[in-house]
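A.B. asks: For reference, the chains in residue letters:
Protein chains: 2
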Amino acid sequence: MNFPSKLVKNAVEQLSSLPGIGRKSALRLVLHILKKDKLTVEKFGDSFIQLINRINYCSICYSISDSDTCEVCANPKRDTRIICVVEDIRVMMAIENTMQYKGVYHILGGLISPIDGVGPSEIRVEELIDRVNDNDITEIIFALSTTMEGDTTNYYLFRRLRDYDIKISSIARGISIGDELEYTDEITLGTAISSRMPYSE
Amino acid sequence: MNFPSKLVKNAVEQLSSLPGIGRKSALRLVLHILKKDKLTVEKFGDSFIQLINRINYCSICYSISDSDTCEVCANPKRDTRIICVVEDIRVMMAIENTMQYKGVYHILGGLISPIDGVGPSEIRVEELIDRVNDNDITEIIFALSTTMEGDTTNYYLFRRLRDYDIKISSIARGISIGDELEYTDEITLGTAISSRMPYSE
Numbered sequence: 001m002n003f004p005s006k007l008v009k010n011a012v013e014q015l016s017s018l019p020g021i022g023r024k025s026a027l028r029l030v031l032h033i034l035k036k037d038k039l040t041v042e043k044f045g046d047s048f049i050q051l052i053n054r055i056n057y058c059s060i061c062y063s064i065s066d067s068d069t070c071e072v073c074a075n076p077k078r079d080t081r082i083i084c085v086v087e088d089i090r091v092m093m094a095i096e097n098t099m100q101y102k103g104v105y106h107i108l109g110g111l112i113s114p115i116d117g118v119g120p121s122e123i124r125v126e127e128l129i130d131r132v133n134d135n136d137i138t139e140i141i142f143a144l145s146t147t148m149e150g151d152t153t154n155y156y157l158f159r160r161l162r163d164y165d166i167k168i169s170s171i172a173r174g175i176s177i178g179d180e181l182e183y184t185d186e187i188t189l190g191t192a193i194s195s196r197m198p199y200s201e
Numbered sequence: 001m002n003f004p005s006k007l008v009k010n011a012v013e014q015l016s017s018l019p020g021i022g023r024k025s026a027l028r029l030v031l032h033i034l035k036k037d038k039l040t041v042e043k044f045g046d047s048f049i050q051l052i053n054r055i056n057y058c059s060i061c062y063s064i065s066d067s068d069t070c071e072v073c074a075n076p077k078r079d080t081r082i083i084c085v086v087e088d089i090r091v092m093m094a095i096e097n098t099m100q101y102k103g104v105y106h107i108l109g110g111l112i113s114p115i116d117g118v119g120p121s122e123i124r125v126e127e128l129i130d131r132v133n134d135n136d137i138t139e140i141i142f143a144l145s146t147t148m149e150g151d152t153t154n155y156y157l158f159r160r161l162r163d164y165d166i167k168i169s170s171i172a173r174g175i176s177i178g179d180e181l182e183y184t185d186e187i188t189l190g191t192a193i194s195s196r197m198p199y200s201e
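Sequences listed follow chains X and C, in order. First residue of the first sequence: 1, per our numbering; consecutive thereafter. First residue of the second sequence: 1, per our numbering; consecutive thereafter.
Hint data in this document are derived by calculation from the structure and do not stem from the laboratory. Treat the hints with care, since some could be wrong.
A pair holds if it fits inside one copy or across any two, identical chains being indistinguishable in the list.
Unchecked claim - Mimicking SDA-like on lysine to any residue, the simulated pairs with C-alpha atoms at most 25 Å apart in a straight line are:
1) LYS77 <-> LEU31
2) LYS77 <-> SER145
3) LYS102 <-> ASP134
4) LYS167 <-> MET1
5) LYS102 <-> GLU71
6) LYS35 <-> ALA94
7) LYS43 <-> THR146
8) LYS36 <-> ASN75
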């Protein structure tokens, strides 16, 4: 692409550095931004500068927080002996939205992925071990994606934690609510049969 | 969505104000941005602030330019008597890439769209008429999208310009190069037959 302006070229390059945004989409977005007034665009740009300069992570669970301790960890009604291990705050937010969980979290900040060069030291594994050593923890729940990376991370964490006197569980894997069995993939269906649960009314 | 941080919420709201980016995608992008280093993110945010504060439009054709006159208008080899009317600089860039056009441009900055409340006064129609009045123009080429808005704008411009002694043309509409006729839609095929051209080897 031959840009008529270096400013436009720069903004397009910045936007297309984000995952899922190509150069053509980025140019469309930049032209959209140019139609807005100065103040709106300054606020837009400044939101990212503020974000990176003022962002704070919870000192306990490493979720993003505006204060030293996040709302979940600071809530006296939460059971701090149960830790749910998640990949990032998106999963934490999704679980919080279910209103089914009363324990606390540990944000790994990624999953082990040898193919992408992400080893255990790149994610917050040692921080989890430290937390288990220093506190009275009764249960750790793995809530990681059912992908190769999620399973690898599950297995690695299990090996690091199995010698502790802690209950280790994983969120249930089975048929999604509303799914029709004839269209469910074989691996999910197989897992659902072998992990069958006592029927309750 | 219940965000754990106002900074994240603000950045997500800013990104999801862009067309085609929903709140879930925006959150994914914000978490991606948070993994980058401070300087990179500051450059990212600053690129938009620089863009809106330093952007300049060509005083002749209204394309985006880093100087008072854009590269096309400033080029003495271009035929300034032929004006190609386009919606925005994306179309201008696409036509420039063909290297088939030696005239100059006029950037409307939008298309007439009554349904979106965009009338002729919202786009640069008067600027085009002024340009025709003040200069020696021999031909005006409409290069607008083949949509309802494009056709409305074509027709409006034609009515404003038809009394001038200027050749008015539109880019050819027909079968795209490489298209198979049996899969071409009826309207395109019908237009292509009624606008048939003399065969040339």
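A.B. asks: Regarding LYS36 and ASN75, is the shortest C-alpha distance of 25 Å or less found within a copy, between copies, in both, or in neither?
C.D. replies: Neither: 41 Å inside a chain and 30 Å across chains, both beyond 25 Å.
A.B. asks: Evaluate LYS102 and GLU71 at a C-alpha cut-off of 25 Å and name the case that applies: within, between, both or neither.
C.D. replies: Result: close within a single copy only, 13 Å intra versus 63 Å inter.
A.B. asks: Regarding LYS77 and LEU31, is the shortest C-alpha distance of 25 Å or less found within a copy, between copies, in both, or in neither?
C.D. replies: So LYS77 and LEU31 fail the 25 Å test inside a copy (49 Å) and across (28 Å) alike.
A.B. asks: At most 25 Å between alpha carbons: which applies to LYS167 and MET1, within, between, both or neither?
C.D. replies: Neither: 57 Å inside a copy, 31 Å across copies.
A.B. asks: Is it within, between, both or neither when you check LYS43 against THR146 at 25 Å Cα-Cα?
C.D. replies: neither (38 Å within a copy, 36 Å between copies)
A.B. asks: Pop the pair LYS102 and ASP134 into one bin, within, between, both or neither, using alpha-carbon distances up to 25 Å.
C.D. replies: within (21 Å within a copy, 74 Å between copies)
A.B. asks: With identical chains, the pair LYS35 and ALA94 could be close in the same copy or across copies; at 25 Å between alpha carbons, which is it: within, between, both, or neither?
C.D. replies: Between copies only: 20 Å across chains, 35 Å inside a chain, cut-off 25 Å.
A.B. asks: Quick one: LYS77 to SER145, C-alpha cut-off 25 Å, is that within a copy, between copies, both, or neither?
C.D. replies: Cα proximity of LYS77 and SER145: none, with 28 Å in one copy and 59 Å across.
In summary, the structure is inconsistent with hints 1, 2, 4, 7 and 8 from the numbered list given earlier, while agreeing with the others.
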